[in-house]
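Chains as they are written, first to last, in the numbering used here: chain Y, 152 to 266; chain W, 2 to 112.
Hints listed in this document are in silico derivations from the structure and should not be mistaken for laboratory results. Take the hints with a grain of salt, since some may be wrong.
Beta-carbon label-pair distances, calculated as ranges [as the list claims (entries may be wrong)]: (1) W:Arg-62 with Y:Pro-206: 36 to 42 Å; (2) Y:Gly-202 with W:Gly-17: 43 to 49 Å; (3) Y:Ser-204 with W:His-8: 32 to 38 Å; (4) W:Asn-4 with Y:Asp-169: 31 to 37 Å.
Note that the structure is predicted; figures quoted are calculated from it, not measured. Where is the CB? At the ideal position from N, CA and C, for every residue including glycine.
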Amino acid sequence: GAGVSQSPSNKVTEKGKDVELRCDPISGHTALYWYRQSLGQGLEFLIYFQGNSAPDKSGLPSDRFSAERTGGSVSTLTIQRTQQEDSAVYLCASSSRTGGSYEQYFGPGTRLTVT
Amino acid sequence: GENVEQHPSTLSVQEGDSAVIKCTYSDSASNYFPWYKQELGKRPQLIIDIRSNVGEKKDQRIAVTLNKTAKHFSLHITETQPEDSAVYFCATYFGNEKLTFGTGTRLTIIP
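Work the whole structure out from these sequences, hints included.
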């Protein structure tokens, strides 16, 4: 079946502009995660959605970052007033979290460049 | 707080030799320990995982060992091949179901 998809694959924006990144998780997966990966670095947790529960926003680096998940499926990550340090690959992952399954399936990522 | 330490950060191994990457974690309640492989320019993918009720799990040339008392787990790759070159991340779930990743190990297989 279809895996996790993200759009756009690449985004170049000017400093100060807002951007929206989209994630389509695997159908039926109740858990959805956003991570940020700077060049050559590890995976920085941003936010976690699980079903209808309140999201875990503990990883968001500033109030310029926000995320929504509509209808328990598609998610958008919004970065307002982008800064150069926001340049990174933003990865989305989903997980079924049922039947003892913990595996996270990652999307291809969105490469964000802030000029 | 939640913490996963991973060593080494880089590792070069002659083709055919073994590679070992180690991670330590802080929360004794952690019960699931996956390893992800990320090839250059690609997304991370799960290669093996282990739960806290077993001490070792093997899948062909890859194995993971877990020592819950010492709170560390390791990835072992035997008979390494060029396609094993990648960045490897360990991870563990903490009580709030958030998967915390280690900082990664860049493995290079020397032909």
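- What hint numbers does the structure not satisfy? none
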